[in-house]
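Enquirer: One-letter residues, chain by chain:
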Amino acid sequence: MAPPPIRVQSAPFDMGAELNAFAETVPGAGAIVSFSGITRDLATGDLQAMEIEHYPGMTETALAAIRAEALDRFQLIDAMILHRYGPLAPSDPIMMVATAARHRADAFAGAAFLMDYLKSRAPFWKKEITTAGAAWVAARAEDEDALASWSIPDHATQS
Amino acid sequence: MTLEIRYFAWLRERVGTNAETVETEAATIADLIAELAARDEGYALAFSDPGAIRAAIDHALVEMDAPLAGAREVAFFPPMTGG
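Protein chains in written order, with my numbering: chain V, 732 to 890; chain D, 11 to 93.
No lab work stands behind these hints: they were computed from the structure.
Mixed in with the good hints there might be a few duds.
What the hints assert, rightly or not - Partial selection, computed: residues in chain V whose CB lies under 8 Å from chain D:
1. Gly768
2. Ser851
3. Phe855
4. Trp867
What the hints assert, rightly or not - Facing chain V, a subset of chain D residues (Cβ under 8 Å, in silico):
5. Trp20
6. Thr27
7. Ala48
8. Gly52
9. Tyr53
10. Leu55
11. His69
12. Met74
13. Ala85
To be verified - Non-contacting residues of chain D with respect to chain V, defined by C-beta distances greater than 10 Å in every case (computed):
14. Thr12
15. Ala19
16. Thr31
17. Val32
18. Glu33
19. Thr38
20. Ile43
21. Ala47
22. Arg49
23. Ala70
24. Leu71
25. Pro77
26. Gly80
Quick reminder that beta carbons are idealized off the backbone N, C-alpha and C, glycines included.
Go ahead and model the full structure; you've got the sequences and the hints to work with.
Expert: Printed below as a string of structure tokens:
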């Protein structure tokens, strides 16, 4: 049975296995694109752990709206979003999106759209725990700009 | 009206709780923020930079002038940093 297209979980996941499972559920696809986010080492290299907080209930609603908007805008056969919360170790996979389409342009654009949208509109917050202490990751202006470049309609983010 | 208020990330840490029930006559999100910020130093600090705060009513993102009429749950949090 196909895994649900939206998943929010604390457990680690296997990127390869997830992508293979997704590929099996998209008959007619000629292109599959995936993106995975990984906890990165800081410039100072002393990241000990990352903690991801989220807003249960709103998270699932927001991710479903993001996926629906992507399916609406691009010629996608399907799209999946998986995002973790809770404590993560350095180099752990944080999240992934995958899109399937007949042709690569839609698959690439759909995945980029999912990421730009998710970054600024899905209620997740990252906290980095280093040897110097813990600090919340600040949102980047570039992320808001990336979202604005898609001309997101209000109804998509507010319902 | 009775509202359930949720706080996340550094807003939660500054107000010192993740959720509370409040009785309020505030008409909008901005009015509610002004009311909460007047409570004590922790709340004042949490809400000191309105530009750094996002709000949701019943799981939907809203602007600061959004009316609270009919709202059940309001959430305050910093700009999101998922992905």
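Enquirer: Each hint: holds or not?
Expert: Hint-by-hint comparison with the structure:
no. : hint   : verdict
1   : Gly768 : holds (5 Å)
2   : Ser851 : holds (6 Å)
3   : Phe855 : holds (3 Å)
4   : Trp867 : holds (5 Å)
5   : Trp20  : holds (5 Å)
6   : Thr27  : violated (14 Å)
7   : Ala48  : violated (25 Å)
8   : Gly52  : violated (16 Å)
9   : Tyr53  : violated (18 Å)
10  : Leu55  : violated (14 Å)
11  : His69  : holds (4 Å)
12  : Met74  : violated (13 Å)
13  : Ala85  : holds (6 Å)
14  : Thr12  : holds (19 Å)
15  : Ala19  : violated (4 Å)
16  : Thr31  : holds (17 Å)
17  : Val32  : holds (18 Å)
18  : Glu33  : holds (23 Å)
19  : Thr38  : holds (15 Å)
20  : Ile43  : holds (18 Å)
21  : Ala47  : holds (20 Å)
22  : Arg49  : holds (22 Å)
23  : Ala70  : violated (5 Å)
24  : Leu71  : violated (5 Å)
25  : Pro77  : holds (13 Å)
26  : Gly80  : holds (14 Å)
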